[in-house]
Amino acid sequence: MKAIGKAEFSNFVDELIADDPREVIGVQAKSNKFAFDPLKSAEDLRLDYDVTILPPKKYFMPQRETLVKYNTNEGEMTAVNEVIPRIIFGIHPYDLIAIQQMDKVFEETHSDENYLAKRRESVLVGVNMKNASEWSFAHTMGTATTDSGYDLMLTDIGDKYAVEIGSVKGSELLEEAKSQLDDVGMEEIEKVREFKEELPDKFRDDPEFDPFELPRLLSEYYGKDGFWEENAEDCLSCGTCNLVCPTCYCFDVKDVNDITLTEGERLRTWDGCMLEAFAQVAGDENFREEKAARYRHRYMRKGRYMYNKFGDIACVGCGRCSEQCVPDIADPVDVFNQMKEGTNGI
Amino acid sequence: MESNDSLFLPEQARIIGERELTSNTKLFDLNFENGKELNHEPGQFVELSIAGIGEAPISVTSSPTRGTPSFELCVRAVGNVTNALHRMNVGETVGIRGPFGTGFPAEELKGHDLLFIAGGLGIAPLRSLINYVLDNRDDYNEINILYGCKKPCEQMFEDEVSNWARRQDIYHEATVDYCPDEVCWEGNVGVITELIPGVDIDLDETYAVVCGPPVMYKFVLQELEKKELPHDQIYLSLERRMKCGIGECGHCQINGAEEELYACQDGPVFNYERIKGFEEAI
Chain A
1 MKAIGKAEFS
11 NFVDELIADD
21 PREVIGVQAK
31 SNKFAFDPLK
41 SAEDLRLDYD
51 VTILPPKKYF
61 MPQRETLVKY
71 NTNEGEMTAV
81 NEVIPRIIFG
91 IHPYDLIAIQ
101 QMDKVFEETH
111 SDENYLAKRR
121 ESVLVGVNMK
131 NASEWSFAHT
141 MGTATTDSGY
151 DLMLTDIGDK
161 YAVEIGSVKG
171 SELLEEAKSQ
181 LDDVGMEEIE
191 KVREFKEELP
201 DKFRDDPEFD
211 PFELPRLLSE
221 YYGKDGFWEE
231 NAEDCLSCGT
241 CNLVCPTCYC
251 FDVKDVNDIT
261 LTEGERLRTW
271 DGCMLEAFAQ
281 VAGDENFREE
291 KAARYRHRYM
301 RKGRYMYNKF
311 GDIACVGCGR
321 CSEQCVPDIA
331 DPVDVFNQMK
341 EGTNGI
Chain B
1 MESNDSLFLP
11 EQARIIGERE
21 LTSNTKLFDL
31 NFENGKELNH
41 EPGQFVELSI
51 AGIGEAPISV
61 TSSPTRGTPS
71 FELCVRAVGN
81 VTNALHRMNV
91 GETVGIRGPF
101 GTGFPAEELK
111 GHDLLFIAGG
121 LGIAPLRSLI
131 NYVLDNRDDY
141 NEINILYGCK
151 KPCEQMFEDE
161 VSNWARRQDI
171 YHEATVDYCP
181 DEVCWEGNVG
191 VITELIPGVD
201 IDLDETYAVV
211 CGPPVMYKFV
221 LQELEKKELP
231 HDQIYLSLER
241 RMKCGIGECG
251 HCQINGAEEE
261 LYACQDGPVF
271 NYERIKGFEE
281 AI
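Top to bottom, those sequences are chains A and B. Following the working numbering, the numbering of the first sequence begins with 1 at its first residue and continues without gaps. Following the working numbering, the numbering of the second sequence begins with 1 at its first residue and continues without gaps.
Read the hints as simulated data drawn from the structure, not as lab findings. We put the CB at the ideal spot given by N, CA and C, even for glycine. Errors might be hidden in some of the hints.
To be verified - Only some residues are given here: those of chain A computed to face chain B with a beta carbon under 10 Å: (1) K69; (2) V80; (3) N81; (4) H110; (5) A117; (6) G223; (7) D225; (8) C250; (9) F251; (10) V253; (11) F278; (12) G283.
Claimed, not checked - Computed spacing ranges between beta-carbons, pair by pair: (13) Q280/A to E273/B: 25 to 33 Å; (14) V326/A to G190/B: 43 to 51 Å; (15) S219/A to P213/B: 27 to 35 Å; (16) E33/B to T343/A: 52 to 60 Å; (17) V256/A to E33/B: 19 to 27 Å; (18) I53/A to K151/B: 49 to 57 Å; (19) P197/B to L54/A: 56 to 64 Å; (20) G311/A to A165/B: 40 to 48 Å; (21) G277/B to E176/A: 54 to 62 Å.
Said to hold, decoys possible - Think about it this way: if two alpha-carbon atoms lie no more than 27 Å apart in a straight line, the pair counts; the simulated DSS-like pairs of lysine-lysine are: (22) K291/A to K276/B; (23) K218/B to K150/B; (24) K276/B to K309/A; (25) K104/A to K309/A; (26) K291/A to K218/B; (27) K2/A to K196/A; (28) K254/A to K26/B; (29) K254/A to K202/A; (30) K218/B to K224/A.
Extracted from the complex, chain A is given alone in its bound form:
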């Protein structure tokens, strides 16, 4: 572990913005919320944020990504992978864990280079959570801290940041701030320990379940009469919960032509399983026509499918879906608590 004074850290970030060929991204205020965006100045970087509107997944799996370029006259198609190397500052542990889950999806299924190359060319600088969203239950999900998934990890210890190095990429980045780094003593180590000890108090205290009960609870509730219908009753099928989720990766593939209709791009775009047409095929057959079936599907993905396939519970407790849901029916804590209580009652 190293430490860097806050003023020196700002200088370091400003130097990267000025000199590093990579795009420097950081969490910034965006009206009354926060967002990952390109940094113009270190003073815009808000490492005290609670949660961002969108997770940093957008840098590895963009909302719109060109997979193939084509010419409709010649029928010629060219594979494309648009990789922008980036340094991303301020990723919270739950988002780092979500990124590690996404890595497994895109590595272990088919080595999807359109995702993996963007990951390889990115440096992830995490930050331990100084503040938490009122909706976050990361502590319950075991994602309030992480020992992996970052290249560098910062912890705010007053007038300095403690810096943990997680990878070669991280230590290489830190080379550029070498002269400003301090060695740490017992005092700094103690401050980081205290920071982490105080973390649980920042989170909501209503979750009553254990994350590793979720696959079993979901199996018990899969066919439960009325359960999903009641919970989904007010769902607008808007897909917001999908869009803001750090582990949602389902996508659509579609062709978009330019104005000449001869050139165009085949795009991968975010899709959402809560949208009505998600499982619809030509001829209007829809394999998940009812919103309750779609609502249940989302929970099955988060709590069981990813666990069965990769051993991960794919809800990291960020609370984004709970916060953004217009009819306020997407809070996983509410649904998981209902299951836990119902099972206890049996």
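Chain A is fixed; fit chain B onto it per the hints.
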């Protein structure tokens, strides 16, 4: 930047033959431009793409025993890609990715009696196995083919169907849901399930292989249940929305009480015993 290892770049295939099967369904014969073979198994599918329109999953209807290196797709014009394909002519090229998915277990079926039950366009994937089996006729025991359509003009592959009817080593019955008065039709009139009681099923030997519109499965399965055919002797080919074909895009997931399946990898051909507990499957 250009990419050499994309999962999404189709290979170019040229339309070398095109034949109208019904008013909205055509058979396309395709050849890869680079001369390679598709190397598919009966029941697998490809992602067919037309630049500027998009991609769609289409089952391969030809048997790997016939006509290689070209392969056939039987396509009904119902969506964007399929309508665009229908407007194309011999000599034009399309994109192909695949083959993908788990097809019919042609090896496991060897030595057994087979009961094919095809409804409408469901004949397309089944035809790949039917012709495979007929080309390896000695490896299989009794063959029964039931084929139902809405009306006589929707029956496809007439030459092959009449061959099934002629052959002594095939039991074949065809049905239509209804037949207009002016049309001559020698087969049965009624839904396909009416043909099942007439089939001689050996409960130890017969494997049913079923493909049709989503609504058909429930009723066919009820009829096979009456015959007491063991569930692990029934194979079904299911349709789902698919955008990648490789288990990534999430569209074709089928949820069950205990686990979930991907139609593009675990299927599209499923053993009924395996999926009968999956509320979303049938």
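Right, here's what the structure says about each hint:
The criterion of a C-beta within 10 Å of any C-beta in chain B is met by K69/A, whose closest approach is roughly 9 Å, and the hint holds. Taking 10 Å as the C-beta contact cut-off toward chain B, the hint placing V80/A at the interface holds, the least distance being around 6 Å. A hinted interface residue such as N81/A counts as satisfied when its beta carbon comes closer than 10 Å to some beta carbon of chain B; here the least separation is about 4 Å, so the hint holds. Look at H110/A: its Cβ gets to within about 5 Å of chain B, closer than 10 Å, so that hint holds up.
Of the supplied interface hints, the one on A117/A holds, with its beta-carbon coming within about 8 Å of a beta-carbon of chain B, less than 10 Å. Interface restraint check for G223/A: the shortest CB-CB distance to chain B comes to about 6 Å, inside 10 Å, so the restraint holds. Against a cut-off of 10 Å between C-beta atoms, the interface hint on D225/A is violated, since the closest Cβ of chain B lies about 12 Å away. Checking C250/A against chain B: minimum C-beta separation of about 3 Å stays under 10 Å; hint holds.
Here the hint on F251/A is kept, as its CB sits about 5 Å from the closest CB of chain B, short of 10 Å. Because the smallest distance between the Cβ of V253/A and any Cβ of chain B comes to about 5 Å, under 10 Å, the interface hint for this residue holds. At a threshold of 10 Å, the smallest CB-CB gap from F278/A to chain B is about 7 Å, leaving the interface hint in force. At a threshold of 10 Å, the smallest CB-CB gap from G283/A to chain B is about 5 Å, leaving the interface hint in force.
Taking the beta carbon of each, Q280/A and E273/B are about 28 Å apart, inside 25 to 33 Å as hinted. Between V326/A and G190/B the C-beta distance comes to about 50 Å, which sits within the given range of 43 to 51 Å. Checking the proposed 27 to 35 Å range against S219/A and P213/B shows it holds: the Cβ atoms sit about 30 Å from each other. At roughly 58 Å, the beta-carbon separation of E33/B and T343/A lies within the given 52 to 60 Å, and the hint holds.
Taking 19 to 27 Å as the suggested C-beta distance range, the pair V256/A and E33/B conforms, at roughly 25 Å. For I53/A and K151/B, the Cβ-Cβ distance of about 55 Å falls inside the hinted range of 49 to 57 Å, so the restraint holds. Remark: the range hint 56 to 64 Å for P197/B to L54/A is upheld by a beta-carbon distance near 58 Å. Between G311/A and A165/B the Cβ separation comes to about 54 Å, which falls outside the hinted range of 40 to 48 Å.
Here the CB-CB span from G277/B to E176/A is close to 57 Å, well matched to the stated 54 to 62 Å. For the suggested pair K291/A and K276/B, the alpha carbons sit about 23 Å apart, so the restraint of at most 27 Å is met. A threshold of 27 Å between alpha carbons decides the hint, and for K218/B with K150/B the separation of about 17 Å falls inside it, so the pair holds. For a cut-off of 27 Å, the pair hint linking K276/B to K309/A stands: about 21 Å separates their Cα positions.
The suggested pairing of K104/A with K309/A holds, with an alpha-carbon distance near 10 Å, which does not exceed 27 Å. As the CA atoms of K291/A and K218/B are separated by approximately 22 Å, the hinted pair is consistent with the 27 Å bound. Pair hint K2/A plus K196/A holds up; C-alpha atoms about 17 Å apart against a cutoff of 27 Å. Using a Cα cut-off of 27 Å, the hinted pair K254/A and K26/B holds, with the two alpha carbons roughly 24 Å apart.
Proximity of K254/A to K202/A is assessed by CA-CA distance (about 42 Å); at most 27 Å being required, the pair is judged violated. Restraint check for K218/B and K224/A: the C-alpha separation of about 22 Å stays at or below 27 Å, so the hint holds.
The structure is inconsistent with the numbered hints 7, 20, 29, although it conforms to all the rest.
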